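Enquirer: Residue numbers (our numbering), protein chains in the order written: chain G, 10 to 501; chain Y, 3 to 120.
For the record, the hints were derived by calculation from the structure and aren't laboratory data.
Everything numeric in this text was worked out from a predicted model, so none of it was measured.
Note that the Cβ used here is the ideal one computed from N, Cα and C, for glycine as well.
Among these hints, one or two may not hold up.
Covered stretches of chain G (in silico footprint by chain Y; criterion: 3 or more residues with CB under 8 Å from a CB of chain Y, positions within the stretch not fixed) [to be verified]: (1) 146-160; (2) 185-192; (3) 382-391.
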Amino acid sequence: MINHLPILQVVIPLLVAPLCVLFRSPRLVWSIAALTCWIILVIAGVLLHEVLSNGVISYEIGGWAAPWGIEYRLDEANTLVLLIVSGIAAVVTSYARLSVEHEIAEDTIPLFYSAWMLCITGLLGITATGDAFNVFVFLEISSLSTYAMIAMGKDRRALTASFQYLVMGTIGATFILIGIGLMYMMTGTLNMADLAQRLPAVSDTRTIRAAAAFLTVGLSLKIALLPLHLWLPNAYAYAPSAATALLAATATKVALYVALRFMFTVQGVDFTFGQMRLDLILLPLSVVALLAMSMVAIFQTNVKRLLAYSSVAQIGYMTLGISMASATGLTGSILHIFNHALMKGGLFLALGAIMYRVGSVELDKLAGIAKRMPWTMAAFVAGGLSLIGVPTSVGFISKWYLILAALEKGWWPVVMLIVFTSLLAVIYIWRVIEVAYFHAATDENSGIKEAPLSLLLPTWLLIGASYYFGIDSSLSTSTAKLAVLRLWGGGL
Amino acid sequence: MDLLGLYNYWIVILLMMAGFYIVISCGNLVKKIIGLNIFQTSVFILFISMGKVSGGTAPILAEGITRFSNPLPHVLILTAIVVGVATTSLGLAIVVRIHETYNTVNEDEIHQQDEDAE
Numbered sequence: 010m011i012n013h014l015p016i017l018q019v020v021i022p023l024l025v026a027p028l029c030v031l032f033r034s035p036r037l038v039w040s041i042a043a044l045t046c047w048i049i050l051v052i053a054g055v056l057l058h059e060v061l062s063n064g065v066i067s068y069e070i071g072g073w074a075a076p077w078g079i080e081y082r083l084d085e086a087n088t089l090v091l092l093i094v095s096g097i098a099a100v101v102t103s104y105a106r107l108s109v110e111h112e113i114a115e116d117t118i119p120l121f122y123s124a125w126m127l128c129i130t131g132l133l134g135i136t137a138t139g140d141a142f143n144v145f146v147f148l149e150i151s152s153l154s155t156y157a158m159i160a161m162g163k164d165r166r167a168l169t170a171s172f173q174y175l176v177m178g179t180i181g182a183t184f185i186l187i188g189i190g191l192m193y194m195m196t197g198t199l200n201m202a203d204l205a206q207r208l209p210a211v212s213d214t215r216t217i218r219a220a221a222a223f224l225t226v227g228l229s230l231k232i233a234l235l236p237l238h239l240w241l242p243n244a245y246a247y248a249p250s251a252a253t254a255l256l257a258a259t260a261t262k263v264a265l266y267v268a269l270r271f272m273f274t275v276q277g278v279d280f281t282f283g284q285m286r287l288d289l290i291l292l293p294l295s296v297v298a299l300l301a302m303s304m305v306a307i308f309q310t311n312v313k314r315l316l317a318y319s320s321v322a323q324i325g326y327m328t329l330g331i332s333m334a335s336a337t338g339l340t341g342s343i344l345h346i347f348n349h350a351l352m353k354g355g356l357f358l359a360l361g362a363i364m365y366r367v368g369s370v371e372l373d374k375l376a377g378i379a380k381r382m383p384w385t386m387a388a389f390v391a392g393g394l395s396l397i398g399v400p401t402s403v404g405f406i407s408k409w410y411l412i413l414a415a416l417e418k419g420w421w422p423v424v425m426l427i428v429f430t431s432l433l434a435v436i437y438i439w440r441v442i443e444v445a446y447f448h449a450a451t452d453e454n455s456g457i458k459e460a461p462l463s464l465l466l467p468t469w470l471l472i473g474a475s476y477y478f479g480i481d482s483s484l485s486t487s488t489a490k491l492a493v494l495r496l497w498g499g500g501l
Numbered sequence: 003m004d005l006l007g008l009y010n011y012w013i014v015i016l017l018m019m020a021g022f023y024i025v026i027s028c029g030n031l032v033k034k035i036i037g038l039n040i041f042q043t044s045v046f047i048l049f050i051s052m053g054k055v056s057g058g059t060a061p062i063l064a065e066g067i068t069r070f071s072n073p074l075p076h077v078l079i080l081t082a083i084v085v086g087v088a089t090t091s092l093g094l095a096i097v098v099r100i101h102e103t104y105n106t107v108n109e110d111e112i113h114q115q116d117e118d119a120e
């Protein structure tokens, strides 16, 4: 049983997805989904413990030996991502019951949870697999279910947002498929570890360079790296609140993990940074993403949209760390994947609670709600401070590593940029705080009560975690450093 | 290398660009889905044609068969075709719902209606 955990992690949510459609009662379906997510979290915890104490786990599906069969390969890097995805899934699913009942018609709730479980299956599968084509398949499983979830949003613009994401996401996934195909053409293998061994011999060909270009563009679309982020703001703004929290905290992170896997393990540091000079492309894009998207966020009137633009900016931090092509920079990136998942997840959960009581997250509707919903707004402020990077919060830890990495390189302008964009974050978070705390409550808002406990607890769980790992960062930092060693060493 | 000898790649590139152009240029959402389909089909052809070995037959274990085409890309593309069908059906389902809500499938008109509503 215990040595089948890598595959059970992916298969259990996959099997629960059709069960969700069979049971028609929303409460029952939610209970099953939440229970499954907690089971997955336990499995991810066991796997991480196993990897940290005994090293890499290689699981052969159906007993077919790699590189012929499909291999699931768990090392420090992807087990950490597995833990993030399953942890966020467990907390957000526990939160989802009331929020989903409020925002989605009763007869479609089982279908929503079915898509929800499929999305989690896809994300876990992408992370666990050691097979390049398997990545594409799971990517499409998670993407297709994501499109369906976004389209279930109450606002009619959710439909166009979902359609736009479907078109851009499919182009991105097809690009990834072309990249994988071209690499297969030159090496005759799809197993990542095997690819890593065979690629150096053919790396100086136009086919492999084209493959790297297709993969980078395709994955950038999924990561929402500027200028390929256009699908993200509308998708996050109009999706159901619970779905936004799940996606914001996991989907782009998993895509970024895949990019890291291809850049470092499969293609290798020498090829990615020595031959292709990907750092020279990523650096300006990250800088522009940080500056432009933080400024765009300041001018948003819908708070969900505001946080969505902030997400695109924060992705800039992650790619900035990669573009430094140094171990410290990469540590900062991986830490920010972990840390940003906690704080953005918490922030979107707080917004979901506001949506549940107020029925809107337009800025002008939130006047004076801090008096009515003190705990929810306190969670928002705490999450916002973490986003800014106040010491004792997780945001501080990852920015600290990024600044260290920039100092190592002697890139003073980048250090200034990180500090300056943190100030921009102060402005957009302050705009919400100002309206919620210092504006007089409108008549419509006078009857609003604090959010129910089942929404508050998960929100505070994530916010609390984002301070726990800010004060005692030994677990996240040491795992991130091990992950960097693994990626940098070629992952073998 | 003989340019015409690589005609399968020319077809792939032609189809890919045609599909991509339709996705970008057409305001009609159904046509966008069709463009997306053509775009994906070009990649299917890329995979399938790369598995072909000149003079090779089907990969069957039988007397006298020594050269055969690589079946793996074909199997991969079976999966990719299924993904493509799922994407198309989901895309069309969303278009149907957009049509029910906005009474049009034209991108500009939808955008206009959203602008007016604000």
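Enquirer: Determine for every hint whether it applies to the structure shown.
Expert: Verification of the hints:
Residues of the region 146-160 of chain G lying with their CB closer than 8 Å to a CB of chain Y number 6, which satisfies the three-residue condition for coverage. Counting residues of the region 185-192 of chain G whose CB lies closer than 8 Å to any CB of chain Y gives 3, so the stated coverage by that chain holds, three being the minimum. With 0 residues carrying a beta carbon less than 8 Å from a beta carbon of chain Y, the region 382-391 of chain G misses the three-residue requirement, and the given coverage is violated.
When each numbered hint is compared with the structure, a violation occurs for hint 3 only.
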